[in-house]
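Chemist: Going by the numbering used here, the sequence shown opens with residue 48, and the numbers climb by one from there.
Hints in this document: simulated from the structure, not taken from any laboratory. Some clues are possibly wrong.
As the list claims (entries may be wrong) - Derived CB-CB ranges, DEER-like:
{"id": "1", "residue 1": "N101", "residue 2": "A74", "range": "38 to 44 Å"}
{"id": "2", "residue 1": "T177", "residue 2": "N80", "range": "26 to 32 Å"}
{"id": "3", "residue 1": "Q190", "residue 2": "A116", "range": "27 to 33 Å"}
{"id": "4", "residue 1": "R129", "residue 2": "M48", "range": "16 to 22 Å"}
{"id": "5", "residue 1": "H176", "residue 2": "Q147", "range": "16 to 22 Å"}
{"id": "6", "residue 1": "E146", "residue 2": "C192", "range": "22 to 28 Å"}
{"id": "7", "residue 1": "E239", "residue 2": "N133", "range": "22 to 28 Å"}
{"id": "8", "residue 1": "G169", "residue 2": "G102", "range": "19 to 25 Å"}
{"id": "9", "residue 1": "R202", "residue 2": "M48", "range": "19 to 25 Å"}
Quick reminder that beta carbons are idealized off the backbone N, C-alpha and C, glycines included.
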Amino acid sequence: MSPRTVAIFIFDDVEILDFTGPYEVFAVSRDENGRHLFNVVTVSKDGHQVTARNGLKVVPDYSFASMPAAAITLIPGGNGTRPLLNDQEVIAWIQQQYEQVELLLSVCTGALLLGKAGLLAGLSATTYHTIFDMLVELSPSTQLCRGKRWVANERIITSAGVSAGIDMALHVVRRLHGAQQSERTAQYMEYEYWSADRMP
């Protein structure tokens, strides 16, 4: 079985752990024979270097135009999501990704972009703990799940802020490849996560 391609969107002022945490989970997840289960790539709107929170500079692998087809697309958060709410090219790309991917994920305020794109209508979702009011303004029919590390719908999974994206990514590994695989990945990372069995 070929590895699933995971495309992670990055942009100026993206929260660092929002995208690097899930990146680590998917990048190190290997089966019992050492084969990679995911091929992880980063994508920016134009393919140019972005400056993440606190000045970290990151060169993406692809632009929207040049990226390969993804099985999973992840939208992280950070203060940089606010100007993107008015960027029609970004919103249209997110809508396009939803039509094409197996799973669409968000971390932290990345949920705002999903809400703006109309993708959270009628669904349950979570986001960063100070942003729930803003999310409901963008997507009034979304059921807010305060205090949840992540919330899984059939094809859209949202997570709370920053470190919660790691838990969500491990949940995705579990969902696609089983509990033993997610535990193996978490053990490799020396990370104790909130699995489905441990959710409050």
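Chemist: Hint by hint, say whether it matches the structure.
Modeler: Okay, the hints, checked on the actual structure:
no.: 1; hint: N101 <-> A74: 38 to 44 Å; result: violated (22 Å)
no.: 2; hint: T177 <-> N80: 26 to 32 Å; result: violated (44 Å)
no.: 3; hint: Q190 <-> A116: 27 to 33 Å; result: holds (31 Å)
no.: 4; hint: R129 <-> M48: 16 to 22 Å; result: violated (39 Å)
no.: 5; hint: H176 <-> Q147: 16 to 22 Å; result: violated (31 Å)
no.: 6; hint: E146 <-> C192: 22 to 28 Å; result: holds (25 Å)
no.: 7; hint: E239 <-> N133: 22 to 28 Å; result: violated (39 Å)
no.: 8; hint: G169 <-> G102: 19 to 25 Å; result: violated (39 Å)
no.: 9; hint: R202 <-> M48: 19 to 25 Å; result: holds (20 Å)
When held up to the earlier numbered hints, the structure conflicts with 1, 2, 4, 5, 7, 8 and fits the remainder.
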